[in-house]
Amino acid sequence: MKVSKEQALKFYETMCLIREFETSVKHDFLNGEIPGFVHLYIGEEAVATGICAALDDTDYIESTHRGHGHCIAKGADVDRMMAEIFGKKTGLCKGKGGSMHIADFSVGMLGANGVVGGGYNLAAGAALANKMILKNDRVSVVFFGDGASNRGTFHEAANVSSAWKLPTIFVNEMNQWASTTPYETTTAVKDISDRAKGYHMPAVIADGKNVFEVYAAAVGAVERARAGEGPTFIECKTFRVEGHFVGDPELYRTREYVKENAALNDPLTWFDRTMTRKNGYIDGVIEPQELEAVRAAAKEKIVKAKEFAMSSEYPDPDQYTADLYL
Amino acid sequence: MRKLSFSMATCEAMAEEMALDDKIFVMGEDLARQGGIFGQFKGLPEKFPGRVIDTPISETFIIGGGVGAALAGARPVVDMHFADFIGVCMDEIFNQMAKVRYMFGGQAKVPLVLRAPDGMTIQGAAQHSQAVEAWFCHIPGIQVVAPSNPEDAKAVLKAAIRSDNPVIYFENKILYKETAMVPEIADEVPYTIGKAKVRREGKDVTIVSYSIGMKNALGAAERLAKEGIEAEVIDLISLSPWDKEAVLTSVKKTHRLCIAHEAVKQGGFGAEIAATVAEEAIEYLDAPILRYGAPFCPIPFAPTLEKMVRVFPEDLVKGIKGMFE
Chain U
1039 MKVSKEQALK FYETMCLIRE FETSVKHDFL NGEIPGFVHL YIGEEAVATG ICAALDDTDY
1099 IESTHRGHGH CIAKGADVDR MMAEIFGKKT GLCKGKGGSM HIADFSVGML GANGVVGGGY
1159 NLAAGAALAN KMILKNDRVS VVFFGDGASN RGTFHEAANV SSAWKLPTIF VNEMNQWAST
1219 TPYETTTAVK DISDRAKGYH MPAVIADGKN VFEVYAAAVG AVERARAGEG PTFIECKTFR
1279 VEGHFVGDPE LYRTREYVKE NAALNDPLTW FDRTMTRKNG YIDGVIEPQE LEAVRAAAKE
1339 KIVKAKEFAM SSEYPDPDQY TADLYL
Chain V
45 MRKLSFSMAT CEAMAEEMAL DDKIFVMGED LARQGGIFGQ FKGLPEKFPG RVIDTPISET
105 FIIGGGVGAA LAGARPVVDM HFADFIGVCM DEIFNQMAKV RYMFGGQAKV PLVLRAPDGM
165 TIQGAAQHSQ AVEAWFCHIP GIQVVAPSNP EDAKAVLKAA IRSDNPVIYF ENKILYKETA
225 MVPEIADEVP YTIGKAKVRR EGKDVTIVSY SIGMKNALGA AERLAKEGIE AEVIDLISLS
285 PWDKEAVLTS VKKTHRLCIA HEAVKQGGFG AEIAATVAEE AIEYLDAPIL RYGAPFCPIP
345 FAPTLEKMVR VFPEDLVKGI KGMFE
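Residue numbers (this note's numbering), protein chains in the order written: chain U, 1039 to 1364; chain V, 45 to 369.
Treat each hint with caution, since some may be false.
[As the list claims (entries may be wrong)] Once the Cα atoms are required to be at most 25 angstroms apart in a straight line, the calculated SDA-like pairs of lysine to any residue come out as:
1) U:Lys1203 <-> V:Gly94
2) V:Lys67 <-> U:Tyr1319
3) V:Lys67 <-> U:Gly1266
4) V:Lys153 <-> U:Pro1355
5) V:Lys153 <-> U:Thr1096
[Unchecked claim] Reference listing, derived: stretches of chain U covered by chain V, where coverage requires no fewer than 3 residues with Cβ under 8 angstroms from a Cβ of chain V:
6) 1127 to 1136
7) 1306 to 1317
8) 1354 to 1363
In short, the hints are calculated from the structure, not lab data. Just so it is clear, CB atoms sit at the ideal spot from N, CA and C, and this is done for glycine as well.
With the rest of the complex left out, here is chain U:
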């Protein structure tokens, strides 16, 4: 699938913003400035970017504990995201959620979920409501890892989505690691998308470093969903570059292994390499200096986001029960 150069640059902008955001979060977590747990999306940027680019603001995504990338790609404000991760009152969730529960309903980002495999049914339920009750053409995307694909909740949501032709899109981020466990040691299939057959659901495997391929898969899935043809399974082959969480001693894999796979699967270097020469995705090329400008702008934006977060206040203690009940 060919896209405009403008669109390609937009992809790059989103991916760089995610990379810069995560790099900054990692730094500040290790510095002790960010509390809690953070799970980074470094290396998987093309997945969220390609998928969300095919969605409208009114479409929904259900995210995971590794959710910053999804949130940025869906269009959330990075200042308020960063403030949330710092636990500040200007955060998207007023400091009540943090990294693992980041959400921005104003752009259809229905929340990161701290429970692995917790998002499938929420996405399918939103899809059901939109199709059968509210009668609109919104679609719901659920992101999940290879580890989460072993949850029983996948089965329940996949079955109803297909049985009722719901506009649910299952996006598997096959990053090869379920926390400390290599997926192949616990999982019966090599390609997670093989499971879609059991639900009569079409499946696509996309190269997770190739944002164009992910985007094309998403465009097809969104078209099917809006046309009432039901769910699609998109498996994106990617690689979790960082540990499960920042601070993970990663005793389960070697540095060499990580380095090698990170280089092989990195969506940004792939993009740089591919776009600066003749390619099948855009007409012409993108000049290295254009890419550099995008990277610099992303960096600048994230520096500002951190400043916003740092200069914001923590929530007032008396707000601890606010927003519990209506």
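Assemble chain V onto chain U, guided by the hints.
Structure of chain V alone, referenced to chain U:
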């Protein structure tokens, strides 16, 4: 006024609310063709085509899907078949339904009603008989109600449907067939979640119960009256939030407290009531608090055994008389 069963009262509540708001829909197992396994959804599928949805046997979807539907702007009422099956979808209840509003800083709301038929009925045995309401009173973010009669069944269900909070509506399976006079729609008194009702006024002892337990409470009060003891009977109706003030006010008047429920006594909701009265009004008590519930035992099958885990009015009568000795 006309006579209605508890079950029909819930049907009326559903039909009236669904007619007012087309965002309300129902989903669960065995609803669309059978009207619910206890007939508590009868007539709704015909009246509201497309809005009463039979699900597969997929409890995590029933609740999780309900939460997702609510996040998208619909107002789901979901049915749990038997309250005992709630454990299958506990994550969807306590980590999703109860948390999404709070942890997202109020961006979301979950106007969902979870209907949960509970309690012992004709020898349902260990997995079809339980009263599990106490589990959910320990979870901030949800509301828990358990009405005891047809009039309340209707008013409380309407309140639950109108609430923008997730509400678990426990409906006792024996009570479904109970009939009583229920006001016409024009004369209905709207219910406010969290409010208890004094069913019987008295000056000597306060009996607190809810749901099917009210049969024991009222039955015991009648017998005690014949023996000159005037019991005040409080029907909590709502367990989370619960009407602490109503109980404290009554105890301060009667100086004696008896709590009864069908659920297991250990860790049951009665413990919360007893502890609260002990904390806030112990100086008013003239006798130790009496607390009745099932012994710490799964519900057995054989009638001779099942009888052993039930609470009877005589138990309350005997205990309360002992308070005056």
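Hint check:
no.: 1; hint: U:Lys1203 <-> V:Gly94; verdict: holds, 15 angstroms
no.: 2; hint: V:Lys67 <-> U:Tyr1319; verdict: violated, 43 angstroms
no.: 3; hint: V:Lys67 <-> U:Gly1266; verdict: holds, 20 angstroms
no.: 4; hint: V:Lys153 <-> U:Pro1355; verdict: holds, 23 angstroms
no.: 5; hint: V:Lys153 <-> U:Thr1096; verdict: holds, 17 angstroms
no.: 6; hint: 1127 to 1136; verdict: holds (count 7)
no.: 7; hint: 1306 to 1317; verdict: violated (count 0)
no.: 8; hint: 1354 to 1363; verdict: holds (count 4)
In this structure, the hints that do not hold are numbers 2 and 7, in rising order.
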